[in-house]
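Trainee: Let the hints inform the model, and build the full structure from the sequences given.
Each chain, letter by letter, is given below.
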Amino acid sequence: MKENNLLLFGYGNPDRGDDGAAFHIFAHLLRKAQMDEESVFSADVVPLSIGVDLIFNFQLLPEYAEIVAGYDRVIFIDAHTAEIEEEMKLQSLEPEFKHSPFTHHFSPSSCLAVAESLTGKAPKAWLLSIRGYQFGFDRELSPRTSDLVHEAIQLLIEQFI
Amino acid sequence: MATQKITIEPVTRIEGHAKVTINMTEEGKVEHAYFHVNEFRGFEKFCEGRMVFEMPSITPRICGICPVSHHLAAAKTGDIVMGSPPPRTATLLRELMHMGQIIQSHGMHFFELAGPDLILGFDADPAIRNVVGLIQADADLALKAVALRKYGQEIIAQVGDRRIHPTFAVPGGVNKALSSQSRDDILKNIDEMIAITQAGLSIFKDWAAKNKEDVEKFAVFKTRYLGLVTPANGLELYQGDIRLVGQDGKQLEKFDSNNYLDYIAEHVEDWSYLKFPYYKQMGYPDGVYRVGPLGRLNTIDHIDTPLANQEFMTYRAINDGKPIENTLYYHYARLIETLFAIERVKVLLDDPDILGKDILNTRQNFKGEGVGVIEAPRGTLFHHYKVKENGQVEKVNLIVSTGHNNWAMSEAVDSVAKTYITGPEVHEGLLNRVEAAIRAHDPCLSCSTHAVGQMPMIIEVRDNDGKLIKEIKRD
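Protein sequences, first through last, are from chains R and L. According to my numbering, the first sequence is numbered sequentially starting from 36. According to my numbering, the second sequence is numbered sequentially starting from 10.
It should be emphasised that the hints constitute simulated quantities derived from the structure, not laboratory data. Don't be surprised by glycine CBs; every beta carbon is placed ideally from N, CA and C. One thing to keep in mind: the hints can contain errors.
Listed next, the stretches of chain R that the computed footprint assigns to chain L, with coverage defined by at least 3 CB atoms under 8 Å from CB atoms of chain L [as the list claims (entries may be wrong)]:
hint : segment
1    : 43–54
2    : 144–153
3    : 185–196
Mentor: Put into structure tokens, the structure is as follows:
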């Protein structure tokens, strides 16, 4: 693994409107690199460029913790609801387990906590989330979230990639 | 009499979530506890107008938790609708993928969702009562648990094609044959996975022996039970007739899934958006039944693989051969099924036809209507389509696993609340037991959307005027 390598970990449902924001960010980055945007549906890890990998799935899963632990920097990318005030939010994360009362829901901080427990270290990590406005069965983004996707891409390129 | 109300509610505006309301009397006793579900009911409409051959790719979009179950149930329905039974190799490959899903889902549930309660204790500090606490308590076991789930995922990946929007199973068969390399890769880890599951069984049995009182008073109640079975009433997760047994374990019905509407109806309660399926002949609520691991093991007489059958005999002896009614035994049943699924993987991979190249039947004898049923990890899943001659889907009815267990989950919540909450102070450990009553059923409530800011949990204590007395919020 190269020094200072970066993993972009996007999750959400691309068929539930704005919940698929991370997929749309990845699709844009892959098209720009002249790669197949649907490659993230098949491969576990898609190399975007030297030192930058992509993973996309419906949800975070515990077994990704081991993969996450192998990177120096990880950015989790997701949509957020109106519970969060900002339209786009970049926050640094610390390993901390978040309890899920009923479900298989798994948070990025929990992923880091499991990574740290399993391997003794966790990467430097952030959560980049953008506001979603509609979560119906639709592969298209709402107009505002579509704009935010482009702003998020700019942020990633300028600050991380 | 003045009452107070406690609500446990994941705050979300996206469909598919649940809350628990505990109504308490002034004396601090539980009057009644309810499990309410805001089920998503738009997906059936979303499917209407699509082509039947698209359904195995579209229906996994319902849920990121068990997409394989929807994928395979849709393909099975398509087989019937199109009058295109799959070749034997395709059936073996679909079942192999399904076993991968059972192993990964059950493995995750026992070791990562239920395990912390059992190994660390219901009353353990919530800060450590989780998978991280489990790793710290027993790193070797936790690593094995991750390996078991990963093994199930690996089977799905080796057999199928894409993780998202799979195109593997189609009406009439599958699109990809299995290579001998993939078969050997899966086979080489079988013994290790059996050992991990047996370690889980030892953990559970040891816990149950030490916590007999909890096991015997935690949501123990009578229902009927429903599940797929083999022709000789053995455990079956992929295909077979549906068997419904009574409280005494005796068979009430055994029927072809295409006739499910003759036997199953759904009741509506004004406090839940999720319907309550029941056995028609007995009416509601007498005819309610349970599905999933505990329900399935109560419908069978044996298991066709040796290690799982040996464990099943021990399990069955708990209640002298009669149905097991204890909700906490869902965990035991889940591990026995995991053992079965791993053994079944070996049986499937040892079958010479598994490497066959005849994987798709392109001949069709259009029927226009069909019901595909599969045992998803959390229970029986029904897909029912009516299709026009041009292949366009006209009508869709889905009965999902969590729906069948709706009554049982609410009963479990009520029973646990009444048993354990005996005063006005509701501490975290009591609340955790109420949640554990739901978790035991492994419901799929998270739908497939997981936006940030969606899942905090609030417990509200209100008096009978609706005034908020106490609020506990979990991030």
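Trainee: Determine for every hint whether it applies to the structure shown.
Mentor: Against the structure, the hints come out as follows:
1. 43–54: Since three or more residues must qualify, the claim that chain L covers the segment 43–54 of chain R holds, with 8 doing so at under 8 Å.
2. 144–153: holds (count 5)
3. 185–196: It is violated: at least three residues are needed, and the segment 185–196 of chain R offers just 0 whose Cβ sits closer than 8 Å to chain L.
Checked against the numbered hints above, the structure breaks only hint 3 and satisfies the rest.
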